[in-house]
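S.K.: Residues per chain, in single letters:
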Amino acid sequence: MLLIECPHCGPRNSSEFSYSGPIKPRPSIEGLAPEDRAEWRRYLYEEDNHAGFATERWFHVSGCRKFLNIERHSVTNEITSVLTVGEVS
Amino acid sequence: MRQGEPTLAKQAGRTGRKFSALSLIRKGMRGGDWPRVWRHHDLAPTYDVVIVGGGLHGLATAHYLAQNHGITNVAVIEKSYIGSGGSGRNTAIIRSNYLTPEGVAFYNRSVHLFERLSQDLNFNVMFEQRGHMTLAHSDASLRTMRWRAEVNKLQGIDSEVITPEEIQKLVPLMDVSGQARYPILGALWHPPGGIARHDAVVWTYARSADAQGVHLHMNTEVTGIDVKGDKVVGVRTSRGDVSAPIVINCTAGWSSIISDMVGVKMPIHTRPLQAAVTEPVKSFLDPVIVSGSLHVYVSQTARGELVFGAATDPFASYSTRGSLEFIESLAGHVLQLMPSLAKLRLLRQWAGLCDMTPDFSPIIGPTPVDGFYVDVGWGTYGFKAGPVAGEQTAEAVATGRIPKLIEAFQLDRFEKGTLTGEKGAAAVGH
Amino acid sequence: MTEMRLPPQPGEIIDRNAPLSFTWNGKPLTGYEGDTIVSAMAASGVKVFSRSLKYHRKRGILTANYLDPNTILQVNDEPNVRAGHRRLEAGMNVSSQNTWPSLEFDIKSANQAVGRFLAPGFYYKTFISPRPLWPAYQRVLRRFSHGGRIDDRVSDDHYDKRYAHPDVVVAGAGPAGMAAAIAAAEAGANVILVEEEYAIGGHLRYGSADDLAALAELSARVQANTNIELLTNSVVGARYDGNWIMINQRDPGHVRERLIKARAKTLVVAAGTIERPYVFEGNDLPGVMVSGAVRRLVNLYAVKPGERAVVFTANTEGESAAADLAGAGVEVAEIVDARAGGDLVRAKGRTKLSTVEVGGRSIDADLLVTSVGWTTPTSLLNMAGSRPVYSEGAARFLPGDLPDEVLVTGGMVGDGTTEQLVAHGSAIGANAAARAMKIRARWQRLTPSALPPETADTAEGSVPDLKPEAHMELYRASTHGFVDYSEDIKSKDLISAANEGYDLMELNKRYTTVTMGPMQGKLEVGNAVAIHAEATGRSIADTGTTTWRPPYAPTSLGALSGAEMNPVRYSPMHRWHVAKGATALVAGMWIRPEHYGDPAGEVRNVRNNVGIIDVSPLGKLDLRGEGVPKLLNFVYTNKWSRLPVGSVRYGVMCAEDGVVMDDGVVGHLGEDRYLMTTTSGGAGGVWNWIDDWLQTAHPEWDVTMTAVTDGFASINIAGPKSRELLSRLTEVDLDKETFGYMKVREGAVAGIEDCVIWRIGFTGELSYEVHVKAGYALHLWEALMEAGQDLGVAPFGVEAQRIMRLEKGHFIVGQDTDGLTKGFSLGIDWAIKLDKDDFAGKPELEWQLADGARSRIVALQPVDPTVVPKEASQITEGTEIVGRITSSRMSPTLNKSICLGVVADHLKDPGTIVDVRLTDGEIIKATVMEHHAHFDPQGERLRG
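Just so you know, the protein sequences line up as chains A, B and C, in that order.
In this text, residue positions in the first sequence follow numbering that gives the first Met the number 0: the first is 0, and each later residue adds one.
In this text, residue positions in the second sequence follow numbering that gives the first Met the number 0: the first is 0, and each later residue adds one.
In this text, residue positions in the third sequence follow numbering that gives the first Met the number 0: the first is 0, and each later residue adds one.
Take these hints with a grain of salt, some might be off.
Claimed, not checked - Listed below are the simulated DMTMM-like cross-link pairs for lysine to aspartate or glutamate, each with C-alpha atoms no more than 20 Å apart in a straight line:
id	chain 1	residue 1	chain 2	residue 2
1	C	K742	C	E723
2	C	K160	B	E327
3	B	K152	C	E879
4	C	K835	A	E29
5	A	K65	C	E699
6	B	K78	C	D502
7	A	K23	B	E414
8	A	K23	C	D690
9	A	K65	C	D691
10	A	K65	C	D621
11	A	K65	A	E86
12	B	K168	C	D151
13	C	K260	B	E327
14	A	K23	C	D837
15	B	K281	C	D76
16	B	K152	C	E921
17	A	K23	B	D259
18	A	K23	C	D691
19	A	K65	C	D690
20	B	K264	A	E55
21	C	K895	C	D597
22	C	K869	B	D157
23	C	K907	C	E876
24	B	K230	B	D240
25	B	K415	A	E38
No lab work stands behind these hints, which were simulated from the structure alone.
It should be emphasised that the depicted structure is a prediction, and the values quoted were computed from it without experimental measurement.
Turn these sequences into a full structure, and let the hints guide you.
M.R.: In structure tokens:
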């Protein structure tokens with residue numbers, strides 16, 4: 000059970016949070032032509048799956064219901080930063 | 000050479016490597032050691048094919064390249080010991096009662112290969128077809144079970160929806176009283192399903208590949224893959240470089256990282272899948288039991304231990320350390336199904352890594368880099384697919400054509416938006 | 000059997016005034032309070048406790064504690080009880096496992112004669128052909144399975160769980176662990192001290208008079224310190240990421256076991272060492288024991304382990320054991336000292352030890368004690384990422400690098416006098432407290448609180464050296480013996496497996512199954528690694544140890560599960576439904592009324608009169624703010640900008656891949672005020688999904704969202720007489736012109752203010768859905784039943800609703816759609832507006848339209864109207880699947896079977912006849928219909 004230091008609630012068990020993976024920006028769909036399908040589908044399906052630190056989106060679903068940007072190591076699970084989405088460190 | 004012909008058994012007979020009760024007795028009387036099951040080799044400077052990953056898939060691919068296509072100048076490169084990854088960490092379940100016609104055809108071929116594997120390759124993999132039972136706790140899941148049964152039957156697969164009374168006969172300890180929080184309404188019953196000894200499946204392919212001239216390199220890590228233009232030319236390893244026109248990524252857990260070496264991005268994220276085993280008790284459970292709603296599957300090994308698995312972890316990770324919440328929820332769910340097991344003790348938990356694709360189906364075939372093939376993205380189905388994946392990967396590599404059985408599993412389906420429909424039944428399918 | 004109980008011993012823990020009766024394989028025996036099952040049996044003269052796994056050899060006491068592989072027994076309905084540890088209780092029925100017909104005469108002991116054919120992995124090499132016989136072989140192999148038996152009765156034992164938030168957890172209460180706990184507690188830390196035995200003290204308990212004195216003093220300090228919570232007969236089972244510590248508290252009173260989940264700021268591991276058996280021929284004969292077994296039996300339980308002993312030792316523990324034996328009146332025939340070149344060759348005996356062969360001489364003895372070294376149980380350290388390091392000089396693995404929040408002390412680190420162990424433990428305990436205080440302060444700062452954070456001294460002190468003593472590398476004699484007693488694996492087996500090619504330790508382990516049995520390597524891993532190293536010519540350090548996996552000690556499923564806690568959601572009307580005999584339907588977390596006895600009758604009543612249904616599980620989101628239309632435009636596929644106040648609209652949600660994820664209606668209640676409903680199953684997911692868009696993509700939209708699923712209960716009043724019924728309870732103007740179809744009003748109903756009433760038609764009838772504050776919902780429900788008596792009002796359940804929606808052709812997301820159903824496959828193209836700027840899934844829907852939908856939802860009418868194909872029946876063309884029935888019922892309204900289904904694009908045109916394959920294989924014909932609705936396709940009734 001990881002411990003996530005929620006900026007709003009304090010240290011909480013990771014079971015209070017839901018996970019939605021490394022942050023992927025949504026491509027602008029303005030003028031997205033049929034030939035741009037590849038780009039859109041990379042957004043849908045491709046995953047940054049490297050071993051190491053990544054910034055991920057988590058949701059404190061059983062707490063403050065804030066979406067958080069969390070920097071976590073995918074091998075050790077060490078968490079080095081927890082920020083509310085939109086907040087800069 | 001015809002597929003499935005028991006060639007190795009014949010070869011082995013000539014070289015004194017054949018296993019049988021008689022050879023066992025002879026060896027017992029005379030003493031002395033058995034011949035080695037596989038040999039050590041120096042890394043050759045050039046191979047026709049380099050297979051990255053010495054698990055079940057890599058070794059099966061090597062075996063079928065040699066047996067079916069005569070390609071034997073092959074290296075299997077394994078960073079640890081063979082079968083150290085998913086092949087040795089799965090719960091060894093075999094079945095073909097999938098949801099999509101493509102999935103059913105593919106895994107049905109695998110079941111057939113498993114059924115003959117012990118005889119074909121002269122190594123008992125202990126495939127016990129004690130039946131596979133997927134419980135339904137809601138009318139929605141009962142409908143999905145019937146969907147699977149109907150798709151299965153159309154391909155001649157023994158698969159049927161059964162009632163709680165029939166479940167009780169097959170598993171006397173099951174609580175089918177209807178009093179449980181999530182009552183059992185029925186099940187999908189698949190008699191040919193069962194379990195095998197996962198390590199033995201790895202070893203039999205390794206032994207056979209070795210006998211046909213394939214080099215197994217353990218404790219050898221691939222550190223890079225060389226590409227010239229858009230063609231693969233070789234592999235760098237912790238023991239030196241080798242050149243090869245064909246490289247096959249047969250890893251699980253690390254498949255994105257290997258593919259990244261040639262710049263091929265994968266629609267894969269890696270999640271731990273945990274499992275656990277209890278102390279042994281006298282045999283009381285024949286079939287494999289799965290409950291998708293309760294996220295658990297259970298089987299009893301020939302040794303008497305119960306082997307448990309569940310859904311993948313709630314977040315992506317390369318950790319195989321395991322978690323307490325996994326065994327807690329597992330135990331709770333097992334006791335809902337079979338309440339009299341409360342005093343049985345959990346002995347060990349572990350985790351393996353699963354490469355999850357968006358549609359819960361594998362990626363098997365060529366990539367945009369010429370000569371670089373993948374056999375990856377097996378999610379939680381890698382073990383049961385091992386033989387057929389090896390056979391089909393070998394055929395794709397040897398012939399340069401994509402065999403029909405794996406047409407639906409091509410990498411470009413994600414760009415084309417033609418995903419398979421397996422996800423529907425996959426929440427906890429095993 | 001001879002009585003082996005000694006006269007009172009100085010440190011004995013048995014109460015001779017409290018005799019306890021129990022049975023062993025049906026025979027009555029007696030022990031004392033404080034005895035283990037094994038010590039009581041040994042005191043009664045029992046020598047043989049079990050038969051081995053494969054060869055069915057007789058086995059006796061080896062270690063006389065939790066790790067004794069030979070004394071695992073069935074106790075009452077409990078299998079695999081560690082009888083070397085478990086306290087004796089009156090009335091226990093103890094029996095041997097894996098024996099048939101009896102422990103003394105066991106048929107499978109014939110396996111010993113063929114033992115050389117049963118080498119590890121023999122099953123891989125045989126039973127291969129002929130293939131048809133394999134199932135019969137399987138049954139034989141499965142009989143070999145070890146272990147006790149599961150009782151098929153469900154016991155009424157209780158288990159529970161507890162969360163703990165200690166500063167420091169100390170695993171192990173030997174001298175170093177006790178000292179660490181005391182030092183940490185004195186530094187102000189809250190400490191949980193966990194001891195696997197029933198009493199604290201570790202090896203001091205069965206030591207000298209000085210040891211007992213030291214124990215008394217440390218024990219008193221532990222007991223007196225209120226900062227220490229002491230848990231005995233408990234075990235730290237695992238350490239997970241985040242220093243999440245699993246503690247299994249056995250028999251804590253009131254419940255059978257309790258699982259404690261502790262978020263420890265620091266963990267001190269003081270698990271001591273485990274004595275290794277020695278590998279030599281005959282090392283499993285009853286009468287061969289490790290020195291610790293002798294010391295425990297004599298000093299704690301006053302049991303004489305034998306009459307005439309040989310002691311083989313390479314250290315002072317063996318000497319102490321010899322002294323204990325002498326003191327207990329056992330004749331010590333010889334002390335064979337390995338340090339002086341003494342050589343133990345083999346032990347002999349038919350069914351128990353009779354002679355010991357030492358350097359060419361045979362000595363008669365019924366007891367052989369070995370003391371050849373220790374294994375460090377690094378389990379918890381491994382779980383913290385530490386890799387043990389082998390020390391040749393100490394002949395054992397030692398802890399490797401550790402993370403800051405895990406510390407180690409005691410025998411795992413080194414050897415020393417009690418004073419040295421205590422000094423080391425104290426220093427480690429103080430440092431563990433200092434590190435914990437630093438973390439405590441950080442967490443206090445991070446936690447919203449009015450209290451000022453504490454300040455504490457977080458400076459760490461120096462730790463005195465604790466070095467392992469030099470020890471011979473003594474693993475195997477010149478002969479071969481058992482390495483893994485529970486798996487029946489001999490040293491010879493490991494060597495031949497290595498020679499056969501399984502020459503990496505993990506391969507050897509998997510092939511022979513060494514360390515894979517109930518001991519999980521704690522007893523046997525040192526010997527296994529050493530012998531594998533011997534076989535491969537590599538050093539022990541290069542060979543490395545096998546991975547220790549959690550839990551440290553086997554943990555019951557009952558403890559892991561705890562009390563069953565499955566949340567259930569009930570609507571406010573639930574008890575009414577129960578009282579009226581409703582059949583319960585488990586719908587996810589909700590329990591709903593499926594029907595009240597006659598679903599077809601319920602349908603007819605709605606079609607002819609009026610019915611009411613409890614639809615409280617509908618997801619409900621209260622949306623406010625100027626930005627709501629933008630949000631709705633984004634999450635639904637249709638347009639929302641011009642929805643007037645007082646209107647409701649239906650919408651479909653697609654995910655970014657274009658796949659249909661939910662549907663529902665939204666009412667525009669007032670200026671910037673909306674109520675959204677979702678499917679019951681989708682309620683949570685949609686709520687989270689919208690929050691995601693609002694927080695991460697469009698924080699600029701002014702929207703405040705509140706989930707009100709539980710705050711409002713929902714009742715649907717359906718049927719031609721629904722207007723009449725509702726009008727009797729409300730002043731709200733229900734006139735069909737002003738309050739038409741797809742309109743919403745707010746007002747009082749049955750005296751309850753602020754009800755939301757909207758007209759929609761899932762059932763296809765004139766109907767009003769009333770969302771009412773949950774606390775008053777039952778009142779409203781009862782008022783409707785009362786007011787509508789003369790109108791024939793009756794409740795209807797989920798089944799009747801399903802029938803009616805199918806008659807009306809309304810699909811259900813998740814039943815008529817699946818994980819690949821994109822928007823244009825729904826067959827309601829009017830609900831997707833691609834001329835909107837942007838919305839979730841828009842590109843995929845555009846491309847789906849351009850490419851043409853591959854499948855469509857259509858209504859199907861079996862040509863033979865008496866046949867209802869089961870849901871999930873496949874639609875086929877030859878052997879190819881081209882669709883399936885997703886919903887089907889016999890319609891009580893139309894008196895014929897009706898279906899919804901999915902068909903391939905080329906079959907979607909009305910009038911197409913398709914083949915439907917019934918579950919028994921029969922093929923029937925069905926016609927694709929023009930409208931989804933089988934009943935009232937023009938919607939005259941719901942608009943009425």
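S.K.: For each hint, tell me whether it holds in the structure or not.
M.R.: These are the hints, each one checked on the structure:
For the given pair, K742/C sits about 17 Å from E723/C by alpha-carbon distance, which is consistent with the 20 Å threshold. Under the criterion of a C-alpha separation no larger than 20 Å, the hint pairing K160/C with E327/B is consistent with the structure, at around 10 Å. Only pairs whose Cα atoms come within 20 Å are accepted, and K152/B paired with E879/C is accepted, the gap being roughly 12 Å. A hinted pair counts as satisfied when its Cα atoms are at most 20 Å apart, and K835/C with E29/A qualifies at roughly 11 Å.
In summary, the hint linking K65/A to E699/C is supported, as the alpha carbons are separated by about 16 Å, within the 20 Å threshold. Of the pairs offered as hints, the one joining K78/B and D502/C holds, with about 15 Å between alpha carbons and a cut-off of 20 Å not exceeded. With a C-alpha separation of about 17 Å, the suggested pair K23/A and E414/B falls inside the 20 Å cut-off, and the hint holds. With a CA separation close to 17 Å, the supplied pair K23/A and D690/C stays within the 20 Å bound.
Between K65/A and D691/C the CA atoms are separated by roughly 9 Å; this keeps the pair inside 20 Å, and the hint holds. Between K65/A and D621/C the CA atoms are separated by roughly 18 Å; this keeps the pair inside 20 Å, and the hint holds. With a C-alpha separation of about 12 Å, the suggested pairing of K65/A with E86/A holds against the 20 Å cut-off. Between K168/B and D151/C, the direct Cα distance comes to roughly 14 Å. Compliance with the 20 Å bound is thereby established for this hinted pair.
With a C-alpha separation of about 11 Å, the suggested pair K260/C and E327/B falls inside the 20 Å cut-off, and the hint holds. For the suggested pair K23/A and D837/C, the alpha carbons sit about 18 Å apart, so the restraint of at most 20 Å is met. The hinted pair formed by K281/B and D76/C meets the criterion: a straight-line CA distance of about 13 Å does not exceed 20 Å. Distance check on the hinted pair: K152/B and E921/C sit about 12 Å apart at the alpha-carbon level, within 20 Å; holds.
For the proposed pair K23/A and D259/B, the alpha carbon gap of about 18 Å is at most 20 Å, so the pair holds. A hinted pair counts as satisfied when its Cα atoms are at most 20 Å apart, and K23/A with D691/C qualifies at roughly 13 Å. With a CA separation close to 8 Å, the supplied pair K65/A and D690/C stays within the 20 Å bound. Of the pairs offered as hints, the one joining K264/B and E55/A holds, with about 19 Å between alpha carbons and a cut-off of 20 Å not exceeded.
Note on K895/C and D597/C: the hinted pairing holds, with a Cα-Cα distance of about 18 Å set against a maximum of 20 Å. Only pairs whose Cα atoms come within 20 Å are accepted, and K869/C paired with D157/B is accepted, the gap being roughly 19 Å. Taking the CA atoms of K907/C and E876/C, the gap is near 14 Å; set against the 20 Å cutoff, the hint holds. Straight-line distance between C-alpha atoms of K230/B and D240/B comes to about 17 Å, which keeps the hinted pair within the 20 Å bound.
A distance of roughly 11 Å separates the Cα atoms of K415/B and E38/A; the hinted pair therefore holds under the 20 Å criterion.
When each numbered hint is compared with the structure, no violation occurs for any of them.
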